[in-house]
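**Student:** The whole structure should be built from the sequences, with the hints applied where relevant.
Protein chains in written order, with my numbering: chain X, 2 to 474; chain B, 2 to 474.
For the record, the hints were derived by calculation from the structure and aren't laboratory data. Do not take every clue at face value.
The list treats identical chains as one, so a pair stands whether inside a single copy or across any two.
[To be verified] Here are the computed lysine-lysine pairs in the DSSO-like style, where the Cα-Cα straight-line distance is at most 27 Å:
1. K377 x K465
2. K210 x K377
3. K413 x K473
4. K64 x K473
5. K90 x K447
6. K413 x K474
7. K377 x K473
8. K413 x K151
9. K214 x K305
10. K54 x K465
11. K377 x K214
12. K465 x K413
13. K474 x K304
14. K377 x K201
15. K214 x K90
16. K473 x K124
17. K377 x K474
Just so we're clear, the structure is a prediction, and the values are computed from it rather than from any experiment.
Next come the chains, spelled out residue by residue.
Number of protein chains: 2
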Amino acid sequence: MNFTDDFQLDAFGTNIVYDAAPSDWLTLLDSNLKVIHQDFYNEDQEGYSNLVKRLRAWTWCHKVPKDHRDYVSIDQIAEIAASIRAEAKVLVTVGIGGSDLGARTLHDLLNHPYHNEMVVAGKITGIPEIHFTGDTFDPFRLRGLLTMLKTRNLLDQTVINIVSKSGTTAETALAGMILADAIGSDWMSRTVATTGLSPKSLLYQLQEKGDGKFMAILPVPDGVGGRFSFASPVGLLLLAVTADSDPQTRLRDAFEGYTKTHEAFLTLAPEKNPAYQIARFLHAAEVFCRKSALVFYPYFDNKKLGDWFVQLYEESVQERGSGLNILATTGPTGNHSLLNGIVNGARDKAVLFLTPRDFGDVMAVPEDAPLEGSLKIFQGLTLAAAQTASLRGTAEDFISRMVPTATLSFPKRDTSSIFALMRLLMDVVAVKGRLQSLHLDPISGKRRIADEETYIQNGVEGYKIRMRDNIKK
Amino acid sequence: MNFTDDFQLDAFGTNIVYDAAPSDWLTLLDSNLKVIHQDFYNEDQEGYSNLVKRLRAWTWCHKVPKDHRDYVSIDQIAEIAASIRAEAKVLVTVGIGGSDLGARTLHDLLNHPYHNEMVVAGKITGIPEIHFTGDTFDPFRLRGLLTMLKTRNLLDQTVINIVSKSGTTAETALAGMILADAIGSDWMSRTVATTGLSPKSLLYQLQEKGDGKFMAILPVPDGVGGRFSFASPVGLLLLAVTADSDPQTRLRDAFEGYTKTHEAFLTLAPEKNPAYQIARFLHAAEVFCRKSALVFYPYFDNKKLGDWFVQLYEESVQERGSGLNILATTGPTGNHSLLNGIVNGARDKAVLFLTPRDFGDVMAVPEDAPLEGSLKIFQGLTLAAAQTASLRGTAEDFISRMVPTATLSFPKRDTSSIFALMRLLMDVVAVKGRLQSLHLDPISGKRRIADEETYIQNGVEGYKIRMRDNIKK
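**Tutor:** Take a look at the structure:
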């Protein structure tokens, strides 16, 4: 199998947006895509330091050069994971935004869906139970976590991983300090710091100060924004800690998928390249079809991929008064929620389905299940077949009602495919940013090496300043 | 305290939408609201049967008349809950959409955030661990649930609650039948059926057929749509099962809050009535300010309220080509996700914050926490104070950038307040539907008793038909 077999974009419902656009605009769009493709290739050839400056070092997460201070090998991550597995019954990841969602999403997609129940009951051994915190000031869940750990006498078998590139994110820092206080004076020895390896990071400063040493310090590499960091130590450590066999093998599988998309992104011509074709669909929907929202509709069981994509997309390409809103849902759950609004509400939406082709399971409805009437057709059917029929039926219905619809399929829910898929979605956002000219200075129209707006998010400064003012009052 | 003290709408950022509307339109809007208020009052006076016909029987969840076939008392629900607590170590709720989100949302908001870890570890006793399924065909999580229950030898201590008004919802029925098959031939005696008490329901038919008897059968009352059902047995049974003290007391608290909002909705004049004022804000945002999305921003820790509101709003008032899209997030988590897009992206959004005034917790950052620079101001601060400052800062920033913003505050996160809050949000949707004339026949413009579009969702039939066609192929 190769990339074009693995990732297939079924775009039979995309004509709805293209029919609305004049053909010379579409010709221009396609020549823009060719230029963007060539530019990305050239930028990659210029090497890692250049990618760092452009905040695109995430494209090399699988191959950070060994001479770079941010380099950390699979073996090193696996080693830290092994010591966490040996020492801890609980791992708490403390982060918010991109410092949180990468690991949460991987845990949700790739680990046992009842991981903690299995661990607490002693049916998964040698792997800690997994919790997440640090994404709010509301004390409700943090209080609950501390109560739970204290009641179970687990505080001295807890390792925390504080994830913050700058180390100055208030929500994360406060939760981290409260957890540290609960753990006691040797908290640093039971804390992994995942942060920028520079004096700008408060966590890095703490390590340098020498009052204590972190159990480990892992890099969020320069040029890798939080929302682009899932394939850095931000996501990889959790994946290694929770591997059900050998952590190294799992990390190698992850990088195999990531590498595959990386190479396809650079070398596969835009007209055959799913990242480019999805960006093209979104851009035409927005600019010519006047759509204001994309329904992001992974049609398989997941709880976090939509949250991850909302952050990725909305912080990156909702800029300069443009950018589709993302309505994240999951199929078929969303069919019983926002679907009525897609077909009966304002016609301001395009839809992107994602689906594995192989659900890897033959669980079926019993032949003699007491189902009557319209449900009789499900007797003996595998759930995978029902899921596939449900997706097809939904896509066909949307298209018949003139809702622009595309479906991206990928092989299956495994580490390699999920890494390839998430990397592909980051590439979609990268291309969309260029289509919106976010790499050009808005006044002069000149190209910029740094400060491409796709990779910064200056809109968030306002509330931070006002929050601090409110505290000082 | 009374309702107007408990629920306060801070609307200092709503002028942004009203300034865009001509004053005579606003005058008309306010006289419409008065008519709607009077109509709702009159309809309530006509009694329960009338409310059933109008699909508004949910407004009387707290007082279904005893002579009605759907009547079930708090004592009866508490009794069923007591037998589940006595017999089961696991309760699995099987449902999708409104038959799922009511119970999920209450469990998330009102129970211990680490409920299952505490139960499995034996630190909460006499209350089962809680799981949800039935909202997808994807076998991933259902397979995981069965594996987990089998590995732990818990299948014979599991009770399932199948929630489906019609009993014909395919996702729920399939998961239910697979669970039933795993439990064995006496599955009915360990199953609660929460369904419509009429031969139209397959679950009701099964009970009547007499091959077995359900452990209990509970009504989703006539005239109560799934998305309006949280205060019916759909939500109440779970609340009773997981009560940390007396189930009856908890259910009485729930109804106290529900009753309070019910009475305020009927009697408090529109200009002082938060349900009416929020609907007014949404309607002006949509019609005159050309906003296409509402950011629904509960600013306190929760994971499900947004999903519940998306379903409530989008199935109800996204009709006839209108209706705002709902972008659901949580504060401050969303500040690190979609916030950049609110201020830098398309100016197509209005924002509704929800916040408890009392977080009920004095957890504070240690005075000597090693925080430097901009983080120093947090030393010694309670998390509740930080959360409040964060909300204020965010609201002030939005308003300064001309993003229409309103903030609804409620007393605290307890059973009574949450029931009052969720009822209030259902009332907002009811009023918004009337403002959109969804109670009028779209051709003749005449009032209809039944088929008010707010309470039906006919957009979903298309995909269901096509899904069945795809299975028959």
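**Student:** With reference to the structure, classify each hint as holding or not holding.
**Tutor:** Taking the hints in turn, this is what the structure says about them:
1. K377 x K465: between (57 Å within a copy, 14 Å between copies)
2. K210 x K377: between (69 Å within a copy, 17 Å between copies)
3. K413 x K473: For K413 and K473, only the inter-copy Cα distance (25 Å) is at most 27 Å; the intra-copy one is 52 Å.
4. K64 x K473: So K64 and K473 fail the 27 Å test inside a copy (45 Å) and across (49 Å) alike.
5. K90 x K447: Answer is neither; intra-copy 54 Å and inter-copy 65 Å both fail.
6. K413 x K474: Only across copies: K413 and K474 sit 24 Å apart there, 54 Å inside one copy, limit 27 Å.
7. K377 x K473: between (65 Å within a copy, 11 Å between copies)
8. K413 x K151: between (40 Å within a copy, 25 Å between copies)
9. K214 x K305: This pair counts as neither: shortest intra-copy Cα distance 33 Å, inter-copy 39 Å.
10. K54 x K465: Close inside one copy (26 Å), not across copies (50 Å); limit 27 Å.
11. K377 x K214: between (63 Å within a copy, 22 Å between copies)
12. K465 x K413: Between copies only: 25 Å across, 41 Å inside.
13. K474 x K304: This pair counts as neither: shortest intra-copy Cα distance 39 Å, inter-copy 31 Å.
14. K377 x K201: between (64 Å within a copy, 15 Å between copies)
15. K214 x K90: within (21 Å within a copy, 43 Å between copies)
16. K473 x K124: neither (50 Å within a copy, 41 Å between copies)
17. K377 x K474: between (66 Å within a copy, 15 Å between copies)
When held up to the earlier numbered hints, the structure conflicts with 4, 5, 9, 13, 16 and fits the remainder.
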